[in-house]
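Using the hints provided, position chain B relative to the given structure of chain A.
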Amino acid sequence: MVAAVEVIEVSKKYGYLWALKSLTVRIDKGELVAFLGPNGAGKTTLMKIVATHVSPSSGTVKIFGQDAFKNGGQIRKRIGFVTHEGFLYDELTVEENLLFYARLFSVNQQNFDNIIEFLNLKRWCMVPVKRLSYGLRKRADIVRALVHNPDLILLDELFAGLDEETCSLLVDYFRNQQAKAVLVSSHSIEWAKKLCDRGILLDKGEIVQDTQF
Amino acid sequence: MGFFSTALRIAEKDLKAEFRRAYEVLSILIFSVSSILICSLAWGGALAGRAEVAAAALWIILFFASVLTFTTSFTREVDRGTFGGLKTLPCPPSAILLGKILYAIVLLFLVELVLLLSSMVFLNLSLSEVFLELLLVFFLGMVNLSVAGSFVSGLVMFSEGKTLLLSFLLFPICMPVLVPSVLATEKIVKGLSMVNIMPELRLLLAFLFSITAIGALTFKFILEEA
Chain A
3 MVAAVEVIEV
13 SKKYGYLWAL
23 KSLTVRIDKG
33 ELVAFLGPNG
43 AGKTTLMKIV
53 ATHVSPSSGT
63 VKIFGQDAFK
73 NGGQIRKRIG
83 FVTHEGFLYD
93 ELTVEENLLF
103 YARLFSVNQQ
113 NFDNIIEFLN
123 LKRWCMVPVK
133 RLSYGLRKRA
143 DIVRALVHNP
153 DLILLDELFA
163 GLDEETCSLL
173 VDYFRNQQAK
183 AVLVSSHSIE
193 WAKKLCDRGI
203 LLDKGEIVQD
213 TQF
Chain B
32 MGFFSTALRI
42 AEKDLKAEFR
52 RAYEVLSILI
62 FSVSSILICS
72 LAWGGALAGR
82 AEVAAAALWI
92 ILFFASVLTF
102 TTSFTREVDR
112 GTFGGLKTLP
122 CPPSAILLGK
132 ILYAIVLLFL
142 VELVLLLSSM
152 VFLNLSLSEV
162 FLELLLVFFL
172 GMVNLSVAGS
182 FVSGLVMFSE
192 GKTLLLSFLL
202 FPICMPVLVP
212 SVLATEKIVK
222 GLSMVNIMPE
232 LRLLLAFLFS
242 ITAIGALTFK
252 FILEEA
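From first to last, the protein sequence lines stand for chains A and B.
This note's numbering numbers the first residue of the first sequence as 3 and each following residue consecutively.
This note's numbering numbers the first residue of the second sequence as 32 and each following residue consecutively.
Simulated from the structure, these hints should not be mistaken for lab results.
Treat the hints loosely; a few may be bogus.
As the list claims (entries may be wrong) - Straight-line C-alpha distance at most 30 Å; calculated DSSO-like pairs for lysine-lysine:
| # | chain 1 | residue 1 | chain 2 | residue 2 |
| --- | --- | --- | --- | --- |
| 1 | A | 23 | B | 251 |
| 2 | A | 64 | B | 193 |
| 3 | A | 124 | B | 193 |
| 4 | A | 31 | A | 195 |
| 5 | B | 251 | A | 79 |
| 6 | A | 132 | B | 193 |
| 7 | B | 221 | A | 132 |
Pulled out of the complex, with its shape left as it was, chain A reads as follows:
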């Protein structure tokens, strides 16, 4: 079976600092995997490399069997990426932001409406993003990442700044995504265990532990 993500001997160097050191990991379709570790462990760098946002200094990344950096455009159609920064524009309303991304991913209206409904964003659709609280903004950004129904979902610090109710809602949602691969980076072991089946502990850019929860 073709793996959802195959990271083979990947290293990333920022100046003199190694963010990732010869890291190899395979994640299959249907797996929910948490990347855990302290600040600077390399979780976000790994996420960015898998999302094709940052190219590795060495090594290969394959997404659904294709080289991630040779077929970037095609592969990005199948990836949904949420970061702690959020990718929404302050001046635009929630709906305008989501429509911008939805149209570029050629999303059908039904999928767009469903995901907005699911995360209870309907009443906030006409509000400019700059007026939203951090939690609502994050929810809108999660919708942005899921609007095109991606097969690989990357969630960098998903639970940071979200209330218990939203965290539970998201855990239920992602656990029901049977055929998708979900990668989460988190500081919260508690929520990571609720969401994921497998945990990979990183430290100083290397895998320290790889366990089933």
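For chain B alone, kept in the frame of chain A given last:
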């Protein structure tokens, strides 16, 4: 979604966000009009017979207005963290660059119109008979500035001191645009025909093809290395 429709969507999104902020577009327009006013106060009616000074003044103002536009093109996306969103899009990097170029073209065209109209009023330049020719030169020069400026803005977006770097880089890179544009404007204001400005137009077109090719070929590396 196709290459051009992606670029159009990106430009549309940028323009919508820009006009919602309004104060930045207004500050660029106010800068242009107040510069013309200052020139008018300093030179009075003497400019009517000094085509070379009028041409230089108009292009200096347009160049500085374009610097103000490009400092907010890519750099704001990076500063606010929204640039990552553009990198998630399933499109070639050059579509993102084209979107930013189209956004700059619309903004600078607005500045250009205000600049030409206010120079007719405040500098007493009689441009009504040559307005279309002048608009053609300004449009071509402005498209060149937009392509070069957007490319440089992308080039420096991850650097420290990017605003300063942009101003420093933009001037030498835009010299092949500014020189023929000023010369062509001067000739038109003097009342010379289109045939006389063909060498300048050719230079502008040649620069446009060169900078577009450089941008299209190299922009993906700028995105990937960030």
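Do the hints match the structure? See the list:
1. A:23 - B:251: Judged against 30 Å, a Cα distance of about 25 Å means the pair holds.
2. A:64 - B:193: Violated, because 34 Å separates the two Cα atoms, which is more than 30 Å.
3. A:124 - B:193: 39 Å, violated
4. A:31 - A:195: Satisfied, since the Cα-Cα distance of roughly 19 Å is no more than 30 Å.
5. B:251 - A:79: This hinted pair holds, its Cα atoms lying about 18 Å apart.
6. A:132 - B:193: 25 Å, holds
7. B:221 - A:132: Answer violated: residue 221 (chain B) to residue 132 (chain A) is near 51 Å, above 30 Å.
Of the hints listed earlier, those the structure fails to meet are numbers 2, 3 and 7, in rising order.
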